[in-house]
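**Q** Okay, here's what each chain looks like letter by letter:
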Amino acid sequence: MTGVGAVSVVAALLACAYAAVASFHGARSGHGRWVESGERALWAAAALLTVCVAALVHALVTRDFRLAYVVRNTSLATPLLYRVSALWGAQAGSLLFWSWLLAVVACAAVSRHRLTHPHLSAWACGVLSATLAFFVFLVVVEKPFQTLPFAPADGRGLNPLLEDPGMVAHPPLLYLGFVGLSVPYAFAVAALVTRRLDGSWVAATRRWAVACWLSLGAGLVVGGWWAYRTLGWGGYWGWDPVENAALVPWLVTTAYLHSAVVEERRGAFAAWNLALVVLAFSTAVLGSFLTRTGLVVSVHSFARSEIGPYFLGFVAVVLLASFALVAWRWEDLRGKPPTDDLVSREGAFLFNNVLFLSFAGAVLLGTLYPLAVQATGGPQVFVGPPYFHAVAGPLGVALLALMGVAVLLPWRRAGAAVLVRFRYPVFAALLAALAAAVFLRRPGVVAGLAAVSFALGAHLRAFHAAGRAGTRAGRGYLRGLLDAFRAQPRRYGGYLVHLGVLVVAVGIVGSHAYVREREVTVRPGEAFAVGRYAFVYGGLEAGATPRADVVRARLELRLEDSVAVLQPVRLVYPRWGQVVSRPAIRSTWREDVYAVLWAFQPDGAATFRVWLNPLVRWVWAGALVAGLGTLLTLWPQRTGPRMFLAVAGWPGAQAGSRDGHRGRAARQVLRALRAGREDRA
Amino acid sequence: MRAALLAAAVAALCTAAWGSPDLDQRVRAVASQLMCPVCEGRTVADSTSELAAQMRAVIRQRLAQGESEEAVLRYFVDRYGPSVLASPQPAGPGLVLWLAPALLAAGGAGYVVYRFGRRSPWTGSEDGEEDS
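The listed protein sequences derive, respectively, from chains L and C.
Residue numbering for the first sequence follows numbering that gives the first Met the number 0, starting at 0 and increasing by one per position.
Residue numbering for the second sequence follows numbering that gives the first Met the number 0, starting at 0 and increasing by one per position.
Calculated from the structure, these hints are not laboratory results.
Please read these numbers as outputs of a predicted model, since none were measured by experiment.
Quick reminder that beta carbons are idealized off the backbone N, C-alpha and C, glycines included.
Please note that a few of the clues may not be correct.
Label pairs and their in silico Cβ distance ranges [stated by the list, open to error]:
id	chain 1	residue 1	chain 2	residue 2	range
1	C	E69	L	P545	47 to 55 Å
2	L	V60	C	A105	51 to 59 Å
3	C	S67	L	P308	41 to 49 Å
These stretches of chain C come out as covered by chain L in the derived footprint (C-beta under 8 Å, 3 or more residues) [as the list claims (entries may be wrong)]:
id	segment
4	22-36
5	82-91
6	94-101
Please put together the full structure from these sequences, using the hints given.
**A** Here is the structure:
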């Protein structure tokens, strides 16, 4: 089985190299046979990579200790789930998994668009195959199927920190996001090469971009959730270089998803969107380069190796080739301006792009700065949380406020009458600011809560308008809201994402500005207090799992009349020489009590670190809402006349108007409306 | 006039209510400015190492003795060198780092206003479309 895997990797490399050459040749010369041959080769590469993945998973599951990779990442005590997830637990396997995901995504993208966008899809197939060839080449270099001269009786096992449900989900989600970004990128390159810059590539790849964005975002959230529950330092986001490396492409993709709307509506902005897609893909590749080569000091140091030079070369090729393409087609890309007037929704989207890209740029700069200083012979420096907080705070507040403004502004141009819409949101913001100033006393918190309230007001106004339109059309308030979601899932789904972001923002503000933390050493029976909670230390209890020695502490948590028991543990993994402090967390909507057993003496005295982290649950809940909203935006949009008129409050468009007569009338009205709109434009 | 007075009163109320953070919060504030020297990529506030725990104890002791946050930070920089700081000081090349986000945002916004700020001629009603 392992021999099959090793051979399949090389065969897959040859297949995708051929696929790239055949597709490019076919696309250039217009020979359909070459194009089809390239597509088939891509499918073959995907099949071969599937064989490789199956072979490695088989070896991991059956504990085939002849393989070095299996020995390093599993042991006899590793449960089945983590034997499977060991596939992405270290460099060689995760590169193979990554390549396989890319191959599957590439096949799906090409087969989905080969009929609808034949000219683009041939070039895109070439770009995807070339990208895939590079990653398969890395797999060949990393040798996941390397065998040992003799098979040891037991393996070392997966890094204990990685044996967690969060770590089962976190890497695949991030990989899927990264890998998926290559689809919009490939189509953008295809559009540039073929000069089909009419924006059809944006429409073709919007869903891919949204799905990648969702996957990346989910990966980031799950990673934070894992860190919070596992690492025991009291937080969920440490501005670690590897976290930043995943955050930057997510920020750039966020900018793109907004500016893509402007292009779809106005047919302008093509160059800018191409540049954004190229940037998103490049930062994703750069991020995985930083992560995988261990160039930056990071807690994610379990994925390091010597593939650095190849990777750097690939990043350079991607950046140079892409921006050279954009420069080559620059004259074609300069269309009409994206907005008639800055005080409009398009204008707000432009500023959205400025802010998101500044955010991404600052995070990237902060991540690369230590490297730059060292490369120029400077001392070792860190760029850590103080810098990133100083960046993320003001930019975050500005983005939240802009989110509200954008929703309140109409498309195209805003007259003075629009100001009326601002009254309630502004009132809400002032009220929140005043309350926050009196009770919470921190300038940053005041600004944050004011921005959140303003944006919340703006979005509620939009939902209210949809509900009222339903009432006016005689369908009732709730039905009106539902109609709005069904007729324009992208718009209202997007608003739902915004609401989720607001909840996350409240959670982030609370859990960063009002952390309380205490370190105490107590003997059994002694009590201490943190905030409004009283803790009674009940003593230690020793135990063992097959792989670790466990010391469990008993902490009684008292608040008024209620009593709960927290059991933070300290695990020692002899084989790894690793000590892991697993926190005990008691979570409520108000705050999390987060207790870590820090150290203990033979006489039973123990040192605890206890955090009170306010509103952390809001972060997870808000992220769930945002994810739900994103799924809604992926829902197929109904563009039939009936739904359009239902939203417009047209009485003839109510349910049951299926009969031809009314339907025809509705279509006529719609045509008239469309014609009117075109006249105005 | 009345509005101005009201604003002044609100401002005074805010300043009075602002208050100063307690010792725990000040320790945390200083500790999150320092990098744990023995672990990779964690601040003293977030680190789970023995050394970081000692550094937090030193911070607490010095702050309790009435030293300012800056003085405590200077103490650690003198002992461990400037690489103990969790973010470079805004001086020399570090200044570029600290100014870059503001410059990026301001530059980008300025460019957008310069490039697209002029109203193009457009005939139509003043109110735009509400619908997407």
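**Q** If a hint holds in the structure, say so; if it does not, say that too.
**A** Status of the hints after comparison with the structure:
1. For the pair E69 (chain C) and P545 (chain L), the beta carbons lie near 51 Å from each other, so the given range of 47 to 55 Å is met.
2. Against the hinted window of 51 to 59 Å, the Cβ-Cβ separation of V60 (chain L) and A105 (chain C) comes to about 56 Å, which satisfies the hint.
3. Between S67 (chain C) and P308 (chain L) the Cβ separation comes to about 48 Å, which falls inside the hinted range of 41 to 49 Å.
4. Note: the segment 22-36 of chain C has 6 residues with beta-carbon separation from chain L under 8 Å; the three-residue rule is met and the coverage holds.
5. Only residues whose C-beta sits within less than 8 Å of a C-beta in chain L count toward coverage, and the segment 82-91 of chain C has 5 of them, enough to reach three; the restraint holds.
6. A count of 4 residues in the segment 94-101 of chain C with a Cβ less than 8 Å from any Cβ of chain L is obtained; the coverage claim is therefore met, three being the minimum.
In this structure, every one of the numbered hints holds.
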